[in-house]
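The primary structure of each chain is shown beneath.
Protein chains: 2
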Amino acid sequence: MKALILNIGDELLIGQVVNTNASYIAKQLNLLGIEVKEIRVVNDEQSSILNALEEGQKYNLVIITGGLGPTKDDITKHTLAEFMDDTLIEDKMVLSDIEQLLASRGRAMNELNKQQALVLSQCKVIRNFLGTAPGMLMKKNQTVYISLPGVPFEMKPMLNEALKIVVSELSLPAILHKTYFVFGLPESELALKLEDWENRLTKDGIKLAYLPNRNLIRLRMSVYQSEEGTLKKVQTYAEELKNILGKHFVGEDLFEQSDENPLARVVVNVLKEKKLSIALAESCTGGSIAAAITKIAGASDVFKGGVVSYSNEIKQRVLGVQENTLKNYGAVSKECVEEMVRGVKNLMQVDIALSVSGIAGPTGGTANKPVGTVWMSLMINDSIETKLFQFGEQYSREYIIESAVFNGLAWVLKRILNF
Amino acid sequence: MKALILNIGDELLIGQVVNTNASYIAKQLNLLGIEVKEIRVVNDEQSSILNALEEGQKYNLVIITGGLGPTKDDITKHTLAEFMDDTLIEDKMVLSDIEQLLASRGRAMNELNKQQALVLSQCKVIRNFLGTAPGMLMKKNQTVYISLPGVPFEMKPMLNEALKIVVSELSLPAILHKTYFVFGLPESELALKLEDWENRLTKDGIKLAYLPNRNLIRLRMSVYQSEEGTLKKVQTYAEELKNILGKHFVGEDLFEQSDENPLARVVVNVLKEKKLSIALAESCTGGSIAAAITKIAGASDVFKGGVVSYSNEIKQRVLGVQENTLKNYGAVSKECVEEMVRGVKNLMQVDIALSVSGIAGPTGGTANKPVGTVWMSLMINDSIETKLFQFGEQYSREYIIESAVFNGLAWVLKRILNF
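Just so you know, the sequences run in chain order U and W.
Residues in the first sequence are numbered consecutively from 150, following our numbering.
Residues in the second sequence are numbered consecutively from 150, following our numbering.
Certain hints may be false.
Stretch-level coverage of chain W by chain U, calculated; a stretch enters the list once three of its residues show a Cβ under 8 Å from a Cβ in chain U [claimed, not checked]: (1) 157 to 168; (2) 436 to 446; (3) 477 to 488; (4) 525 to 534; (5) 559 to 568.
With a straight-line cut-off of 27 Å between C-alpha atoms, the simulated DSSO-like cross-links for lysine-lysine are [as the list claims (entries may be wrong)]: (6) Lys151/W <-> Lys186/W; (7) Lys263/W <-> Lys226/U; (8) Lys226/W <-> Lys356/U; (9) Lys423/W <-> Lys207/U; (10) Lys518/W <-> Lys221/U; (11) Lys352/U <-> Lys221/W; (12) Lys356/U <-> Lys342/W; (13) Lys518/W <-> Lys476/W; (14) Lys221/U <-> Lys226/W.
The hints are simulated quantities; they were obtained by calculation from the structure and are not laboratory data.
For every residue, glycine included, the Cβ atom is placed at its ideal position computed from N, Cα and C.
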């Protein structure tokens, strides 16, 4: 079964919104063994939408998001009616859902809300309990079309409802995916190490994908569960893989939420295994390392807490950094991060503490400490190690923060794995 | 000038990676007045790639990312050679770039690295100083094709280099975009309020888009700068808009980084205007509110710091929450968040403090306090207000954290704007 994901919206084409809907939908379809052959993003123009809907006839399933709002630039519903050769009618249940939703927010129905209750006469309605735009499931020739709103938190539960209908009407072959995490090996070295193993794997009908994210690489085996013993075959290959990788193998098959940091997940899992606790003192990363860790379910087993010491005052008052240290060396210095890490380790009473202070930019850089300069200090039990990172002043604030988060987490992982 | 963005990679089609490249590229093209007509994501199969490259002939520019790694599933370069009817040759400069990059990381060249130096014989090379895959700029008939690696931090500087070449060879009409932030008005009410204004705007050749994100809506006016006085015309409409919106107008034309939170930007700007400082005590959001605020350049003017009190111990030791409070009411309670907010306000010496404690799930919920239960307390000067949010136990950890971040920021904004 093959699918097209069609996202409609000018906001995606001018880059104001990141298309997280596509990855979420792709993941859900994948879990059901539905192969997403293509993702297309088109603008809010009738001809673009019609053309993409027509292209959708090549597939068994088309999931459409966006263009269902009450405003003039939202034309998906009318375009779908034209494509399906259908008309729009007011749906009483949808109208009542909208009324109730508005009432729960203390609002009355207006003309535009009322138009939201119009749906294609031949569609199956997918109810929306979190917004005013209903979803619709329709069929044209052999292709099922599902139209959903573009607001992610409305779309997600509606997609699940719609896919239940799809599943109940078809019997689909399942795909088995297994993902293995490899740390500290460049992709090209890894590929050479795996060459023989990979050749045998491919001949056995198992597809292998490399999903690199800096020096953490996810290796994903995928195979149709068409025959008995598929799982066992994959497990045998996995055992071989672990032997080849040695200490570079750092985890497997961890469930991934769409916006969680895979490295943070590995760090949390390894800390949990080793029964170690961690705390953070963050300045330039401003809570981003703590946020990455706490997005992982179960982080509370290993993460005690952190201090975001964004001002010098807080570095002094909460973490005990000396005024003289700040005066003589500045907040972005070896001396400061070492006092920060001692302060937070003492405050939080943990096995491991990491401190970060740097210049994320775009302003605040100097000749000696350009934008991108980041000091970190890592304290494990009683031993302190301190490092200077230069992420490069040509980079964005976003990239520098992201790099500091990645390098901080990678450093912790290396040390607890004794790399 | 019209463009297609073509992202190649199975990882995008199974949803393991969010396509941030597409939004980044779209934003850069938009700034240059190049209209992105479509974004397509296809898999690492030759026929899919060839088909999309052929479709690209409809446009002036095709930006391709992905499939340039050294592994077997990366076939973009060979496919491009076939499409362009060209051959791959080793480029000496690229080979030397790769050697230097590897040397800087203390690594020697292997066979796979060496193959990375192969480029199309007719292409213009876009050098990669941060990875081993070179970029290429080629032309077929009237269409310029640019191939870049899929790793975002490698792709970004290379895209800028490639676009300099595109710009220098063509003269493009500029598009003027102005964005206005509207807070606290539902989209349908806003649309009714703006109906007349919007009709006149459209007749004047200005396109209007609604970009909603819960109860923050960005209104974007877009117009080709074909004639003199375009900016003035837009400014006149903007003044009218501000009058219509009154206090719901909360900002304009704020530069947006791709992963910054627009509401956090508005909060930082309004705090700055009002010369107010803020601090946070976060439990279930685990630093995500601090991270959203500190991603905004200039946040240090208003944000002093935060405590991520992920364990009860830290709530007591750092924030001064009473042991009895935790024993009698638990960490997710009115009493606890009120002690947290007093504690952090006192510790950080700020005008405004916000505390958050809740159950993000997936485990930890009870009958009385299901997953999704979040208490927040907001202290402005000496007055404390406390609220219970129930985000719904049917939601993911990710959604609950995101909802808490949004609602916390929105609450701060409402209070400082006296809504």
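Each hint tested on the structure:
Under a criterion of three residues with beta carbons nearer than 8 Å to beta carbons of chain U, the stated coverage of the stretch 157 to 168 of chain W is upheld, 10 such residues being counted. Coverage of the stretch 436 to 446 of chain W by chain U holds [criterion: at least 3 residues with CB-CB distance below 8 Å; count 9]. Taking a C-beta to C-beta cut-off of 8 Å, the stretch 477 to 488 of chain W contributes 0 residues in contact with chain U, too few for the three needed, and the coverage statement is violated. With 0 residues having a Cβ less than 8 Å from any Cβ of chain U, the stretch 525 to 534 of chain W misses the three-residue criterion, and the hint is violated.
By the rule of at least three residues with a Cβ nearer than 8 Å to a Cβ of chain U, the coverage given for the stretch 559 to 568 of chain W is violated, with 0 such residues. With a CA separation close to 6 Å, the supplied pair Lys151/W and Lys186/W stays within the 27 Å bound. The straight-line distance between the Cα atoms of Lys263/W and Lys226/U is roughly 52 Å, outside the 27 Å bound, and the hint therefore fails. Taking the CA atoms of Lys226/W and Lys356/U, the gap is about 20 Å. The hint holds against a cut of 27 Å.
Between Lys423/W and Lys207/U the alpha-carbon distance is near 57 Å, which puts this suggested pair outside the 27 Å criterion. A C-alpha spacing of about 42 Å is found between Lys518/W and Lys221/U, which places the hinted pair above 27 Å, so the restraint is violated. A hinted pair counts as satisfied when its Cα atoms are at most 27 Å apart, and Lys352/U with Lys221/W qualifies at roughly 14 Å. At roughly 55 Å between alpha-carbon atoms, Lys356/U and Lys342/W are farther apart than 27 Å, so this suggested pair is violated.
Pair hint Lys518/W plus Lys476/W holds up; C-alpha atoms about 15 Å apart against a cutoff of 27 Å. Among the hinted pairs, Lys221/U with Lys226/W is inconsistent with the structure: their alpha-carbon atoms are about 43 Å apart, more than 27 Å.
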